[in-house]
Amino acid sequence: MAVATERLSGGALLRMRWLPVAAWVALIFVLSAQPGLSVPGTFEYRDKVAHTLEYGGLGWLVYRAARDSWPATPALQRVLLTALALSALGALDEKFQSFIPGRDSTAYDWMADTFGGALAQIAGVVFDKRRRGA
Numbered sequence: 047m048a049v050a051t052e053r054l055s056g057g058a059l060l061r062m063r064w065l066p067v068a069a070w071v072a073l074i075f076v077l078s079a080q081p082g083l084s085v086p087g088t089f090e091y092r093d094k095v096a097h098t099l100e101y102g103g104l105g106w107l108v109y110r111a112a113r114d115s116w117p118a119t120p121a122l123q124r125v126l127l128t129a130l131a132l133s134a135l136g137a138l139d140e141k142f143q144s145f146i147p148g149r150d151s152t153a154y155d156w157m158a159d160t161f162g163g164a165l166a167q168i169a170g171v172v173f174d175k176r177r178r179g180a
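In the numbering used here, the protein residues as written are 47 to 180.
Fair warning: there could be bad hints in the mix.
To be verified - Cut-off 20 Å, straight-line C-alpha distance, at most; resulting in silico cross-link-like pairs (DMTMM-like, lysine to aspartate or glutamate):
{"hint": "1", "residue 1": "LYS94", "residue 2": "ASP150"}
{"hint": "2", "residue 1": "LYS175", "residue 2": "ASP114"}
{"hint": "3", "residue 1": "LYS141", "residue 2": "ASP93"}
It is worth saying that the hints were derived from the structure and are not from the lab.
Based on the sequences and whatever the hints tell you, model everything.
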């Protein structure tokens with residue numbers, strides 16, 4: 047039940063789907079390595095919103111890459127494995143950040159990362175179902 051998309055060759059699949067994922071992950075870790083970096087503004091939970099958006103964007107990219115890489119795999123299986131991988135990456139990012147001076151590493155940030163990644167997976171499934179007309 048894969049979405050009707052043009053089948054990408056191996057090289058095109060890598061360039062069009064997985065390189066943006068790698069670039070986004072690299073950006074996350076570059077930003078995490080910045081001592082004392084914080085989200086501007088005065089809204090109390092702005093950092094949680096930033097984490098949700100950051101991993102939501104990554105989750106969307108990974109959803110598209112996984113869908114196009116393994117179209118025969120059931121969507122639920124892909125979504126669950128991807129959400130688990132994104133959550134693990136969020137935990138790794140938080141652990142990495144704990145070694146950076148002036149940075150916080152909290153379970154709440156990890157939960158916001160996980161929420162953003164999972165939300166993107168759900169949005170991807172809904173978007174694909176609507177696009178198929180199901």
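Okay, the hints, checked on the actual structure:
1. Distance restraint check for LYS94 and ASP150: the Cα-Cα separation of roughly 12 Å lies within the 20 Å cut-off, and the hinted pair is therefore satisfied.
2. Between LYS175 and ASP114 the alpha-carbon distance is near 15 Å, which keeps this suggested pair within the 20 Å criterion.
3. Taking the CA atoms of LYS141 and ASP93, the gap is about 17 Å. The hint holds against a cut of 20 Å.
Taken one by one, the earlier hints all hold for this structure without exception.
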